[in-house]
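Engineer: The task is simple: from the sequences and hints, build the whole structure.
Just so you know, the protein sequences line up as chains P and L, in that order.
Under the numbering used here, the residues of the first sequence are numbered 11 to 496, in order.
Under the numbering used here, the residues of the second sequence are numbered 1344 to 1438, in order.
The hints are simulated quantities; they were obtained by calculation from the structure and are not laboratory data.
For glycine and all other residues, C-beta sits at the position ideal for the given N, C-alpha and C.
Please note that the accuracy of each hint is not assured.
Stated by the list, open to error - Just the calculated beta-carbon pair ranges, DEER-fashion: (1) L:1357 to P:70: 53 to 61 Å; (2) P:28 to L:1394: 35 to 43 Å; (3) P:255 to L:1411: 22 to 30 Å; (4) L:1432 to P:11: 49 to 57 Å; (5) L:1379 to P:98: 36 to 44 Å; (6) P:363 to L:1422: 18 to 26 Å; (7) P:429 to L:1432: 36 to 44 Å; (8) P:382 to L:1428: 47 to 55 Å; (9) P:11 to L:1345: 51 to 59 Å.
Next come the chains, spelled out residue by residue.
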Amino acid sequence: MALYNLTIHEASALLRKRDLSAQELTRAVLERIRTTDAQIHSYLIVSEAEALRQAETADRMLAAAEPLPLLCGIPVAVKDVILTKGIRSTAGSQMLAHFVPPYDATVTRRLREAGAVIVGKVNCDEFAMGSSTENSAFLPSRNPWDPTRVPGGSSGGSATAVAADQALAALGTDTGGSIRLPSSFCGVVGLKPTYGRVSRFGVVAYASSLDQVGPFAKDAQDCALMLQAIAGHDPRDSTSVNTPVPDYQASLTQGVDGLRIGIPKEYFVEGMQPAVEAAVRQAIAELGALGARPVPISLPHTEYAIATYYLIATAEASSNLARYDGMKYGYRAPQTAGLVDTYRRTRAQGFGNEVKRRIMLGTYVLSAGYYDAYYLKAQKVRTLIRQDFLKAFETCDLIATPVAPTTAFRLGEKTADPLTMYLSDIFTIAVNLAGLPGLSIPCGFDEKNMPIGVQLIGRPFGEEALLQAAYVYEQATQWHTRKPPL
Amino acid sequence: MRISREEVRQIALLARLELTTTEETELIEHFDKILSYVEKLNQLNTDGVEPTAHAVAVPGPLREDRVTNQADTEALLQNAPAREADFFKVPKIIE
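Structural biologist: Here is the structure:
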């Protein structure tokens, strides 16, 4: 096994025994990026010199017999919508193509404080708007299991980097499925925490009431470690919640004995790829064999989730993206005729098509005469969707569903019709509307050897239960140990 | 079509976007599709349902009104599209 194949917990054990140095590990990961990234395009920037400096610092800490931070010497990748001081952060957009943040996002700061080595910034759909990473203004990422297929999005680069061992773990963001969909498509573990569990300070905003940062990892234990490092209240994000962060490692091995797993009938629908349905049902049966008790539940407003999402998310996006006016940072169009013209041309040239579509729709649904019919209506349906989940959690402890109706599709397959692309998120989007934690874990492969994910949904701040179930399932099945042929 | 070219132009002005005629045509078609799709929400009776703005209710936290950061002019100007001395340089705003 190569060094870059290590998980965080395996590498940490070696680092702490001084059988491995952080610099060796970082060099191995950088070399892995060099030899594989031309095939899959995970990275927008590799911050090699800075990574090696951080690794050197980690090695000094490891040499001094002091209590070590959680991720000391662990090479990680960060989605490009998350600001990294001194390292260009583009959010996948021409608008920010040369933007070098003067400060760190809180999650970046927490990774640094945990001793992690940031090896680079990974690709994503522009401003996290998309389900395939094809909306990146720079280039699409490709699925390591089959480079003719998409990795999912919007955090596609985070998923491909972890799947291809180009980082031990990564951070992404999830507004409607942007962590769970690519995790599922690339065969890694991905967690969208409860809304408010993790700070959004310094994360380029898309839809603020839905956005949440979370980890991509090679297994459940690493996922727990990454969450531990980034979770918690932040005075700089007034929507981050001030409740204690549990010790996710401590509860990891508690198993699922007696846990009631809700199976919502609305998530097993006509038109699903048969291999996906079979693998997810098999995963539920395996959790049953491990002591969990499957119970049928209903989430009756599921079919309204995508419509609700595209009204709320675009409305919030149109407000959030108003800040890109070409004045203080970012792109500014040359040769314009006055202020309004500067704004309009800057935004016309700086934004890609999908971003413009969403800004336009959001502006429309918030405009006078349409607000009640669209935006307010969607907010009311959001209440019904959330109530569905709260009611379901009266009779179950976790919910298990597919992550997506199909495995990874081909590049170009869905770009012509935005609505078809939006429907990729049909099983993940309601979780964001309800603010719940959701985890994707590998549960098999289809006939073309493309990974399949099962989604576990928990109660608010119930990340522990998700990680416990994922951990015991992994121990029993080992799907997560399969590697793409790179 | 659910939306006219005139309306698309008005929204584009509100959104501070300049659109080409081709983009306008594409948006008219896109709006048609997506607005028909979201119409399914009208199947639901939401009388008396409270709207949800945030899934996790957080009371507006208060903090003391004091300065906690220092202005680092150079760092803030580093990303400016145009600058002059210690200022952002912007197009003339009063015509």
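Engineer: Please check whether residue 382 (chain P) and residue 1428 (chain L) have a Cβ separation lying inside 47 to 55 Å.
Structural biologist: holds, 49 Å
Engineer: Honestly, do residue 11 (chain P) and residue 1345 (chain L) meet the 51 to 59 Å range at C-beta?
Structural biologist: holds, 57 Å
Engineer: Between residue 1379 (chain L) and residue 98 (chain P), does the C-beta distance stay in 36 to 44 Å?
Structural biologist: holds, 41 Å
Engineer: Holds or violated: 35 to 43 Å for the Cβ distance of residue 28 (chain P) and residue 1394 (chain L)?
Structural biologist: Roughly 57 Å apart at Cβ, these two residues miss the hinted range, so it is violated.
Engineer: Is 36 to 44 Å a correct range for the gap between the Cβ atoms of residue 429 (chain P) and residue 1432 (chain L)?
Structural biologist: holds, 42 Å
Engineer: Taking 18 to 26 Å as the hint, is the beta-carbon distance of residue 363 (chain P) and residue 1422 (chain L) inside that range?
Structural biologist: holds, 25 Å
Engineer: Indicate whether the distance between the beta carbons of residue 1432 (chain L) and residue 11 (chain P) respects the range 49 to 57 Å.
Structural biologist: holds, 55 Å
Engineer: Would you say the C-beta atoms of residue 1357 (chain L) and residue 70 (chain P) sit inside 53 to 61 Å of each other?
Structural biologist: holds, 55 Å
Engineer: Check the following: the C-beta atoms of residue 255 (chain P) and residue 1411 (chain L) are separated by a distance inside 22 to 30 Å.
Structural biologist: holds, 23 Å
In terms of the numbered hints stated before, the structure departs from hint 2 and from no other.
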